[in-house]
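Undergrad: Just add 11 to the spot in the sequence shown (first one is 1) and you have the working numbering.
Since the hints were made in silico from the structure, they are not lab data.
Treat the hints with caution; some may be incorrect.
[Claimed, not checked] Below, simulated DMTMM-like cross-link-like pairs (lysine to aspartate or glutamate); rule was C-alpha separation at most 25 Å, straight line:
hint: 1; residue 1: K45; residue 2: E68
hint: 2; residue 1: K28; residue 2: E92
hint: 3; residue 1: K43; residue 2: E83
On a predicted model such as this, the values are computed, not experimentally measured, just so you know.
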Amino acid sequence: MEENKFKKTEYHLYNYKDIDILNQLADIKIKKLKNDINIKAIEYEERTSKTNKFNSEVENEVIRREEYIQIELELLQQEKENRINEKELINKVMELLEYDEKKLVELRYFSKPTKSWTSIAQELNQSVDNCIKVRRKIISRISELLF
12 MEENKFKKTE YHLYNYKDID ILNQLADIKI KKLKNDINIK AIEYEERTSK TNKFNSEVEN
72 EVIRREEYIQ IELELLQQEK ENRINEKELI NKVMELLEYD EKKLVELRYF SKPTKSWTSI
132 AQELNQSVDN CIKVRRKIIS RISELLF
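Just need the whole structure built from these sequences, with the hints factored in.
TA: Okay, structure coming up:
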């Protein structure tokens, strides 16, 4: 298996435990953007010449603000949707693993803080070398299904 795919798969597994928190943060940012009120000070400059514009500085600012907020909202929604899809995909892949394989992934990647190989080996009643060897096989299998 490519080292790049291996690292990418591990990265997604390590970040799995933070997906719900990141989505909650995205919800807070979305709510904040929707409730944001942009206040700008009134300028008291002398106008040198009249313009033929049919809209004012305030209208232009509101339009710019709405466009910016809409882009930000779409970006946050897309990121949140991607994380939800990633979590569902990982959950389905985990269902395909054997009990011991699933336990190893949970202990290594889903626990906070990340457990050492020694403690994982003790919990699974296996040697450290065997756990690391099995991990390679599991990650290879997961990466085939994820990517």
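Undergrad: Evaluate each hint against the coordinates.
TA: Results for each hint:
About 22 Å separates the Cα atoms of K45 and E68, which keeps this hinted pair within 25 Å; it holds. Simply put, K28 and E92 have alpha-carbon atoms about 16 Å apart, close enough for the 25 Å limit, and the pair holds. With a CA separation close to 11 Å, the supplied pair K43 and E83 stays within the 25 Å bound.
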